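*Asks:* Here is how the chains run, residue by residue.
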Amino acid sequence: MDLTLPILILAIPITMFLILGLFGMKMSHKLAGILGILGMGTTMVLAYTVAFDYFFSGNSLFISGSERLQHTVFDVTWLQFSPRLVVNFGFLLDPICAMMLVVITTISFFVHLYSWGYMEGEKGFQRFYAFLSLFSFSMLGLVVATNIFQMYIFWELVGVSSYLLIGFYYKTPSAVSASKKAFIVTRFADLGMLIGILVLSFYMPTFNFIELTAPGQPQAVLASTGGATFLGGSVLTWALVLIFTGGMGKSAMLPLHIWLPDAMEGPTPVSALIHAATMVVAGVYLVARMFPLYLMEYQALDFITFIGAITALYAAVVACTQVDIKRVLAFSTISQIAFMMVSLGVARPEIHEGLGYMASMFHLFTHAMFKALLFLGAGALIHAVHSNDYTAMGGLRKYMPITHWTFLIGCLAIAGIYPFSGFFSKDEMLSAMYGYSTFWGVWMTFVAGLTAFYMFRLYYLIFWWDENPHYKHHRPHDAPWQMSLPLIILAAVSCVAGFIPFGELITWNGEPYHIHIEWVKVAIPSLCTAVVAILLATVMYRKKNSLPDKAAAIWPGLWRAAHHRFYWDEIYMFITHKIIFNVICSSIAWFDRHIIDGTMDAFAKVTQKTSYTIRGMQSGSIQTYVWWYLMGAVALAAITCWAIL
Amino acid sequence: MNYAQFLTMQQELGVLAVFLIVFLFDTFCGKNSRSAVTPLAIVCFAAVTIYGFFCTGTGEAFGGMYVTSPVISCIKSILNLGALIVLIQAVPWINSEEGSVRRGEFYELLFVTLFGMYLMISARHFLLFIIGLESASLPLAAMVAFNKNKYESHEAAVKYMFTAIFSSAILMMGLSFVYALSNGSLYFADLAESIALGSNSVLLVTAIAFVIAGFGFKLSLVPFHLWTADVYQGAPTTVTSYLSVISKGSAAFAFLVVLAQVFGAVYSDIWEWMMYALIIATITIGNLFAIRQRNMKRFMAFSSVSQAGYIMLGIVAANVLGMTSMIFYILVYIFSNLGVFGVIQAIENKTGYVSMDDYRGLHKTNPWLSFAMTLAVFSLAGIPPFAGFFSKILIFTGATESGSVALYVLVLIALINTIISLYYYLLVVKAMWISPEEPVVPAFRSACTERFGLWICCAGIIFLGLISCIYGWIYGVSEIAATEGFFALLG
Amino acid sequence: MNLTMLMYLIPSLIMFACGVYGFITRKNLIAILISLELMLNSVDLNFVIFNRFLFPGQLEGMFFTLFAIGIAAAETALAIAIVINIYRSIKKIDVSEITKMKF
Amino acid sequence: MESIGNIILYFVVAVIIAVFSAMAVTTRKILRAATYLLFVLLGTAVVYFQLGYEFLGAVQIAVYAGGILVLFVFSILLTQHPADPASVLANHRKFVGGLAAVCAVALLGVAVCKFPLIDGMSLTEAVSIGDLNMKQIGHFLLSSEKFGYLLPFEAISVLLLACIIGGIAIARNK
Amino acid sequence: MILQNILIWFVIIPLIMLAGLALCKKMTQIRTVMVVCSVALLAIAGWLCVDFLAQRAAGNTAEMLYTGNWMWYAPLNIKLSVGVDGISVLMLMLSAVIVFAGTIASWKISPLPRNFFLWFALLSMGVFGFFITIDIFTMFMFYEVALIPMYLLIGVWGTGRKEYSAMKLTLMLMGGSAFLMLGLLGIYWHSGPSADGAAHTWNILEIAHNGAIEKGWQYFLFPMTFVGFGVLGAMFPFHTWSPDGHACAPTAVSMLHAGVLMKLGGYGCFRIAIYLLPQAANDLAWIFIILTGISIVYGAFSACVQTDLKYINAYSSVSHCGMVLFAILMLNTTAMTGAIMQMLSHGLMTALFFALIGMIYGRTHTRDIRKMGGLMQIMPYLGVCYMIAGFASLGLPGLSGFVAEMTIFFGSFQNADLFHRIFVIAATCSIVITAVYILRVVGKLLLGPVFDDHHRQLTDATWWERLSTITLIVCIAAIGCFPNWINETIQHSFLPIIENLKAAI
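Chains as they are written, first to last, in my numbering: chain L, 497 to 1141; chain R, 111 to 601; chain C, 1274 to 1376; chain V, 23 to 196; chain Y, 1141 to 1645.
Here's a subset of chain Y near chain L, in silico, CB distances under 8 Å, partners left out:
(1) Met1312
(2) Val1445
(3) Gln1517
(4) Leu1536
(5) Phe1550
(6) Leu1587
(7) Pro1589
(8) Glu1628
Only part of the chain Y face toward chain L is listed, based on derived beta-carbon distances under 10 Å:
(9) Met1307
(10) Gly1315
(11) Asn1624
Because the hints were derived from the structure by calculation, they are not lab data. Quick caveat, the model's predicted, so the values are computed rather than measured. Beta carbons are placed, not taken as given, at the ideal position from N, Cα and C, and that holds for glycine.
Can you build the whole structure from these sequences, using the hints too?
*Replies:* Structure follows, in structure tokens:
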């Protein structure tokens, strides 16, 4: 395959970053914006070309028979740890990668475009575009990684671009602390991933995905470790679980989710790009990428399922109580990603030919579209009312029709209403879950219902409920075209994306899978649940009334806890500030200053003190001198005599 | 009666000749030409110094009472060089009101002490040795008392004199015991023989201890060092510098000769351990006292006490390397210490300040003096690339050659002590360069002789270590001594 | 009864001890000098005794003593000069006054 | 067997030396101390005579008793009023001094007593072996061979000269 | 002819620098001398690098290239032996870069610029000399040459409790070198014969090939040498000179000290302690693994609560340099390669950090992060550079720190026993803690609202400050983006050491 396009896909964003980063200060906003958008647009076109080529060209590199192949476009040595362990920098093209290329470039392009309007006149406009380009580069590098170490590298880069973008408004302390939190939490998770890679690479002396997932490799590992286990898990399980920890961090799984809601301090386009569509699904992508390995260890998959399910429910419950609309969307994102995780966790070759995997990827795709749409819509709202809280909104449908309609489409899609895209992907996921165990199926169906409920709660509170009196002073209006255009296009995509024959393109083993909707067993019940939830939301929130308060009063404790996100932040605060900072760090610092350094100083002090103490020897009187003299000589003789004779 | 034997003693005769020239000139010249004594003495002595480098023969005179060999000539030449620098640095002082009264006496006494030291080094008979030793120390007492108007000078003289007599009593007591153990002869060779034949007894141990104590006085080994600080402080600075380098250097070599040539047979039985104890005590106590001192001369006194400990490492090494390193150490020590004293003297002569506190901010007013002082103390502290580093590391190398663990431990203690010494040397540097206060010493231009002396010292400090041929030369002569059986008794 | 070496050494050692004692206890510089004379004298005596009893045919000890007496004389003379000197300076020769420089 | 005279002489001299040494360092009158020192030095000279070193005894009397002691007396008279007694010594000072003296003498005593030849020869035997006359002494003193003392003889002259110069230097005022 | 050896010029140019400075009077002259000489150093370091790689590529597989031997103290067989392998070449390059950056960063040093540069040049001479020599005597000499100017540089041109700190730093480092010296003497006396027939040798290669040091002596000498060098490498518990010393040192000195001088410790550890005493290294490494492991975590935790910028960095250096020693003790090629890369990386980024801190301090006159804030708005250039340094420190891919740390971790993990594993994992934890304290500083110092309105008048970087920082940043990024040639160079150089270790087991 031609190397030009893949290389350009990576090169354009990083070049843009360098140009805008180094010379942006000297450019006008307009020039910087156009450069950024053009760059991303080109990248998008290239990515589409590559993806199209991959899926539809029928090139024998990409498909053999019906099976889609993994193709390494290029792979150059970057760093050689040892003859066995080599880190390469390359471009691996396979179904999920191609899909991710499309998702990332599309969303990124729209966000670039959208930002032109949204960030109009902001100080640091050029910087914003530079960071966006950096992020796009990192994310693209992540998805095309040929080996786990390359992935880890870009994983870190993604983290740092996220840090920079969350902290874009660096004058506001809350943004600064949010960015810090995001970075540190994901960093902590990455530590797990790093250790996982360490373990894995020790037993399987390669980083390369194709080699890692090649048949027979994992068995070789298990054989080489002689069945060694640690706390009940095999070496491989531990490695995989640890690697998944990294994914938990990036994808904001419980208990490492706390950074994501705070990350909403960043500009809204950023939230749409990073914290809804692309970066946060990196965890899912990671598991998908190493899926054949995970299949070797069901324990690890069960762990993923468990974490995902708990997170999904947790996030959904919390989302029902949040005031900040971006936080609601954030928790919804957590919940949806957890869905994908569960779906991956329950994927088994024997259950619907590994449907869970396909469904998860499908949802990843559709979710990216509608969640980006929702976030961008939220951005338009915030742009209009200059507040993140729904209490500052209400009754906006008249003022902002485009936003209203596109937002509604987004809500319907996420709620899983036929025929919007969310329905299809969610349905596939649910069937996979039911196929694995009814318990998880029901559980996740319930979560799906909650999703519908909180999304419509949000929708109603924003667009219906009660008109906010502030509008008289400041009449909200729809956003400029740069912002509206992406909304409309994304809404359109959300409407039709469900009909993409996803199973033909992406499956766990490359063999096509024919999607069929299990209406009776899965689709109808979930649809019903969603509809009921929407109705409930309609009743409670369509007009201003006291029902929500009453509902909250039924379980006040639960409501308060959910409102405070079940006190996770407080717990973390306690651990980090009170224990790690105040107890561990401070005591170590104290220990260092007073004990270690004190000892060193004590040497000096003792020397000084001794010097002072023995000064009497030098009393100034000759007689003392002579006394010492004589006694010295006598002692010298006496001691020697005693010693040798 | 073969008086031609006196001609073997070329270096001694040279010094004696200078002594006589100065003595006669001083006695018989008119009042007006008195001041010509200084250049006369310096020029004559410089000639002797140069001549000394050509005296490389081996010789024996008076039935083995006096010997000379290349290594002995070498150490004498080194001492000559040091004494010459002292003389050059002393010019402003000796021309001052204070010194000019007794200018001639100063040179005469100095040359006699030098003569005494040479005898001490060359003597192979204890009687001659004692006479040399006394000639080296008694006139010094008179020199210590040279500052008529300063009470401290008198006090120092009293302390020096009384301790000196006491120590010579102790030394001679020791020698009387040595005599008791001999075969009736006080020649080193005969003594060594009879000691090697005899067995260890309390008498022998006591004798050695007392002899070491006697040397301890000259070398300021702890606990025989207590006079040092007071005398160094009280004596005129020129005399202090002479006392600290030349007197000490000669005694160190003589000590090596006595220990190796007389008591060599009982090295590992008796005096090795005594020396360990003394070295540890000397270095440590010297350092501990030095860190509190503010008076520069007193400070240098304790510094020289601890330096003596390092010199002694060359003696316990008891091998060619040790001997070479010790001589080299003495050479470097002469240059470094005279560098320090040169600066002290220059400042004292001009302004009268001698306290370290008065050196605050010296670099602002007298940058070159500060620079010279810094080099000198760095060299004393053993900082490369200055010569002191090489002398220290070489003496440690020599000391560890035998490979005994005890010596390693000894060297480790010495090394740890270098840290303390570095501390107090840095205090001087700190006073000069770092203290933020306004300088006390005003800017002045020191006399050209002082500057010349300092230049020589600085050149020595910088180049002695880097240019290895000097060490090579010393090694060569030491090796000759070794082949002639210098260490034969040590086995 | 034989007069042995030890019998002669005993007074010598007593003299030496007295000298030490005097040096350390006396306050007058001249008294200290007297004590030193005792010590030096004891050393001289030792040499002579050893020479006589151990090496009666040789003369090293005797000559040593001969020269030592000379040295002692020189020492004493110089010491007295210094003592007089300090007397002129502070009008005292009390050793406990001569402790200005210390520590 | 020694002659009685020798024995008596020994004891008298020994007692004189011991007692006057002690008195010289304990008396409070400095002039008396000098006088006691004279007795000790004379006693020593007597020992030299008894040991057969007449020349040495003569030198001892001439140099010490005749020279040094006079010097002492002069300096004493110069520096203080002869009648003044020194102040009484503090006890701890006596103790410290006594301790040093005892330690020193104990060490030396042990060293001497353990010396194997300590009881070797009696005085008579010893004196009978070594017989020397002035001519011999003079010969040795100026001999440059082994056991000749020419060099020390010359060297000590330099030393004495230096001491004279030193004394002058110290004494001279202007 | 001695001057024909290119390595000698690394010592000669500083000497010329010293001589030139001694003659200078005016500030412009001083600057000219310094810039010309440091550029010359940079140039020959670069040329050496290229030529070295070319020779290696041409198949020259000798352990050391450009070797030269000149007898110095013949009685002790002390020779001035020079030679470089890949590691030394890289360290020379690093030193040259930092000397250059340090020179530029001290453009406006006062007071006494001439004296400052005199000592600075002496320090550089020590550093360069240390890296070019392959005999333990001259190595030790240059080591001490490099140490002592620190006292004056900190004492005279430092800030804060400079007298105390300078003294402490000097004494502790000299304390280390006391042990070191004993170790070296022991090595010498047990070294076995020299190639030219002398009984003992100081030459590292000869000692290593003789392999004559008995096991018992190795056990005695290894701790001596390792601790000796370890003190300079800020090994726990001998690291306390570092926070105080760095905090008080002037900018260029902190740069050079943390950037290069602390590397002398690590370099000496493997070049002498491990290479020459392999058996003891194998058997006693665990003791020092514990100590360095503590260093890594302990330093990082301590850095978290500091409020003085330089203290933060100093503790961070404790942690990072601990990593160097830690990796060296892992005794395998990969980890040791990582250690060298960490040296390079830490050298560059710490130098950058200290340069920036100096520049910030020069403007705000405080280093207390509680008294500053929002500097990014006021001095964006410095702020961005600081962030880059921070990212390098916390191991961002694309910058040097990442490569180094990863190599260390992957190398260290090759030791399969539980003891090593536990410590490796503890060490990896430091990357999180590093992130914590770096971001804490960045957040408080650069981001957020402006804390002190007086700071609003401050200006951004001047041209020389820009030049100095850009030099370092380019190097950091270059290593971070294209690490493999460095990696290969280092790995190749470790072969003899590893072989020696294997032979010892």
